[in-house]
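Colleague: The primary structure of each chain is shown beneath.
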Amino acid sequence: MNLQEILFALSEASGMGGLSGALDIAEREFSRYARVTTIGSGSLLAELPGENDYRILLDAHIDEIGMMVTSVDDDGFVRVAAAGGIDVRTLAAQPVTVWGTEPVPGVFCSTPPHLKKSSEDTVPELSELAVDTGLPGGRAKKLVAPGSRVTFSQNPAALQNGLVTGKSLDNRAGVAALLQTARDLYEAGSLPCTVTFLLSDQEELGCRGAKTAAFGLNPDEAVAVDVSFGNSPDVPSHKTGKLGGGAMLGISPVLSPFVTDRLQRLAHEEEIPVQPEVMGGATSTNADVISLTKSGVPCGLLSIPLRNMHTTVEVIQLEDIRSVSRLLTAYARSGGLSNNRRNER
Amino acid sequence: MFDLLKELCEIPAPSGREDAVREWIFEKVASYGACRVDALGNLLVLKQGRKRASVKLMLDAHMDEVGFIVTAVTEEGFLKFTTVGGIDPSVLLARRVIFLSGAAGVISAKPVHLMEGEERKKLPKTEALFIDIGASGRQDAEQYVLPGDMAVFDSSYSEFGEGLIKARAVDDRAGCAILIDLLRQEAEYDFYAAFTVQEEVGLRGARTAAFGLAPEAAIVIEATTAADIAGVAVEKQVCGLGKGPALSFMDGSTLYDKAYYDAAFAAAEEKSIPCQPKAAVAGGNNAGAIHASGEGVRTLAVSIPCRYLHSASCVSSRSDIEAAAALVREMTVRIASGTLR
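From first to last, the protein sequence lines are chains S and Z.
Read in order, the letters of the first sequence are residues 64 to 408 in this note's numbering.
Read in order, the letters of the second sequence are residues 661 to 1001 in this note's numbering.
A hint or two may mislead.
Claimed, not checked - Computed list of lysine to aspartate or glutamate pairs in EDC-like fashion (alpha-carbon distance at most 20 Å, straight line):
| # | chain 1 | residue 1 | chain 2 | residue 2 |
| --- | --- | --- | --- | --- |
| 1 | S | K179 | Z | D888 |
| 2 | Z | K896 | S | E382 |
| 3 | Z | K782 | Z | D814 |
| 4 | Z | K782 | S | D138 |
| 5 | Z | K781 | S | E382 |
| 6 | S | K180 | Z | E895 |
| 7 | Z | K782 | Z | D800 |
| 8 | Z | K896 | Z | D748 |
| 9 | Z | K903 | S | E188 |
| 10 | S | K302 | Z | E736 |
| 11 | Z | K781 | S | E334 |
| 12 | Z | K716 | Z | E955 |
| 13 | S | K180 | Z | E776 |
| 14 | S | K180 | Z | D850 |
| 15 | S | K302 | Z | E929 |
| 16 | S | K205 | S | D297 |
| 17 | S | K302 | Z | E779 |
| 18 | S | K305 | S | E382 |
| 19 | Z | K740 | S | D297 |
| 20 | Z | K903 | Z | E982 |
| 21 | S | K305 | Z | D800 |
| 22 | Z | K782 | S | D184 |
| 23 | Z | K782 | S | E191 |
| 24 | S | K204 | Z | E822 |
| 25 | Z | K666 | Z | D814 |
| 26 | Z | K782 | S | D297 |
| 27 | S | K180 | Z | E822 |
| 28 | Z | K896 | S | D138 |
Calculated directly from the structure, the hints in this document are not laboratory data.
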């Protein structure tokens, strides 16, 4: 499968709260290049051994935002709570899948205009909304119980100029970048140090998968891959990265200046498009927790610019995924900071 | 009939651009009646019955659906648009659309992460929205889309729950499917079938179709809002799925013929067809244009209850569509035969 095909398969699949659709695809694909194990509540590890056991961790969260069923009423309508940052403004008449004893297709209800007060443009709370399963109450309650997961249903599509749209490109784009990197490193042959790929779970709930996986791995250094805000007419340009402008290189007090600097120099040397993403503190990515593992792990961050974050119409530029993977490949092949470290010791 | 409906719901044809769906329908009905197309694009079919009709009857179903029309292309290659027909902003934000040319687009949404306080809890107005097709700038965008080009929600037909369908354009491809199905059966009495245009932008096709046909009576086969959903009190639900077609006594454009309204309920009872009143004075349909046409036309509206009308995910019940077809067939006979003077 080419990059777009893999990305589309990952985007359409479900992956949160133990639903393993995306994980299964990732496991199958990473297995071509590396030894794969699943850990924790739904994270995946893939290891490419190197000439020594200095470990570079490359992380991309594989979970997506979703919801949990809180109740099923007598008419087959289902109430939900958010698992991750749901954009409630976009839910009216939105198709979803309720993962009960079998997948149950549903649609979020939408208040008909004749029942809305004329000046009403305020957004309801998620608890006021309900999912229409189209089933009578008895049957709905047999199939769906509180605790069932709910994910969005949206097939991906190509736009113009290599842009693509779909749900969960946050962060299946990151996963695709890591997969591309694994393939490139595998084909390049020998590696100076060990590279571990982590597709972590529960980032959307507070970076929990990365925290525990990184503790278990205790890497020497790490680079997290996520998505960040892409250019859009309704957002000031200084707050976004340009789609097609390359990997957004995170620059922040919480990220390792050595890793960041190394990535920057490699990008320049290899003529890989990058653009700065400067933050004043925490990055709101797995980098924030990976860097605090045990006694600390030097950590960098690369992000793929993305429009319409946390909606089913997220948009990215495929070429930006390639920029990220090219940079990570160059980084891993150069041994990361391992040369510096040896000098320090 | 549901195979017809599936294909119909997937033909992008918003108001004023009904050609594709008209041609599809024409192919299906051409051998069952004498067809002609009027200047606005209505497809008018005369169905011969075994007996001559005593009352000249017109059956109407509109072919057009709601959609979007591009008003401008920005310097950066994004598309400003307005709606064609009434679409609520809450079902517009962050949706996939498809242009009649086949190009894909998305109606964008500013991420909540980048919003301050008040802004997070408000829906943007339609004028503030734009469509992204992935263009690199104005010149690039204009290779694919120009001002005036139209799009519809990109949504496919599926069945779910217990006998429910979810699709775009159930309003009024369901009416079209019923009418096509009726044309393909033997008719007891002659009638005219009008597949009309531009309903969503002011009941316009029905006006010229009614003028051209000059019927004495009409049955409008439509879709109407069902609000039988969580959080809506019973008295505000208008009609419910699974209870049969909804018959209108009055709406925003028409005060319906009482004799026909009562006769429809009587016919439904006699033939054990489920049926319900449309329990609100709200909305409007082609009856608005037809009943006041010429010297007046006695009109009946038979509507399929539809949740989330004018969204990408309209939901209706198969059984209601079947029941509507049965009731329309029965009322066609009763009206055309002249038994309901």
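Colleague: Each hint: holds or not?
Modeller: Status of the hints after comparison with the structure:
no.: 1; hint: S:K179 x Z:D888; in the structure: holds, 15 Å
no.: 2; hint: Z:K896 x S:E382; in the structure: violated, 51 Å
no.: 3; hint: Z:K782 x Z:D814; in the structure: violated, 25 Å
no.: 4; hint: Z:K782 x S:D138; in the structure: violated, 30 Å
no.: 5; hint: Z:K781 x S:E382; in the structure: violated, 34 Å
no.: 6; hint: S:K180 x Z:E895; in the structure: holds, 17 Å
no.: 7; hint: Z:K782 x Z:D800; in the structure: violated, 33 Å
no.: 8; hint: Z:K896 x Z:D748; in the structure: holds, 19 Å
no.: 9; hint: Z:K903 x S:E188; in the structure: violated, 31 Å
no.: 10; hint: S:K302 x Z:E736; in the structure: holds, 17 Å
no.: 11; hint: Z:K781 x S:E334; in the structure: violated, 43 Å
no.: 12; hint: Z:K716 x Z:E955; in the structure: holds, 14 Å
no.: 13; hint: S:K180 x Z:E776; in the structure: violated, 25 Å
no.: 14; hint: S:K180 x Z:D850; in the structure: violated, 46 Å
no.: 15; hint: S:K302 x Z:E929; in the structure: violated, 64 Å
no.: 16; hint: S:K205 x S:D297; in the structure: violated, 45 Å
no.: 17; hint: S:K302 x Z:E779; in the structure: holds, 17 Å
no.: 18; hint: S:K305 x S:E382; in the structure: holds, 12 Å
no.: 19; hint: Z:K740 x S:D297; in the structure: holds, 12 Å
no.: 20; hint: Z:K903 x Z:E982; in the structure: holds, 11 Å
no.: 21; hint: S:K305 x Z:D800; in the structure: holds, 17 Å
no.: 22; hint: Z:K782 x S:D184; in the structure: holds, 6 Å
no.: 23; hint: Z:K782 x S:E191; in the structure: holds, 16 Å
no.: 24; hint: S:K204 x Z:E822; in the structure: holds, 14 Å
no.: 25; hint: Z:K666 x Z:D814; in the structure: holds, 14 Å
no.: 26; hint: Z:K782 x S:D297; in the structure: holds, 15 Å
no.: 27; hint: S:K180 x Z:E822; in the structure: violated, 32 Å
no.: 28; hint: Z:K896 x S:D138; in the structure: holds, 16 Å
Checked against the numbered hints given earlier, this structure breaks hints 2, 3, 4, 5, 7, 9, 11, 13, 14, 15, 16, 27; the rest are met.
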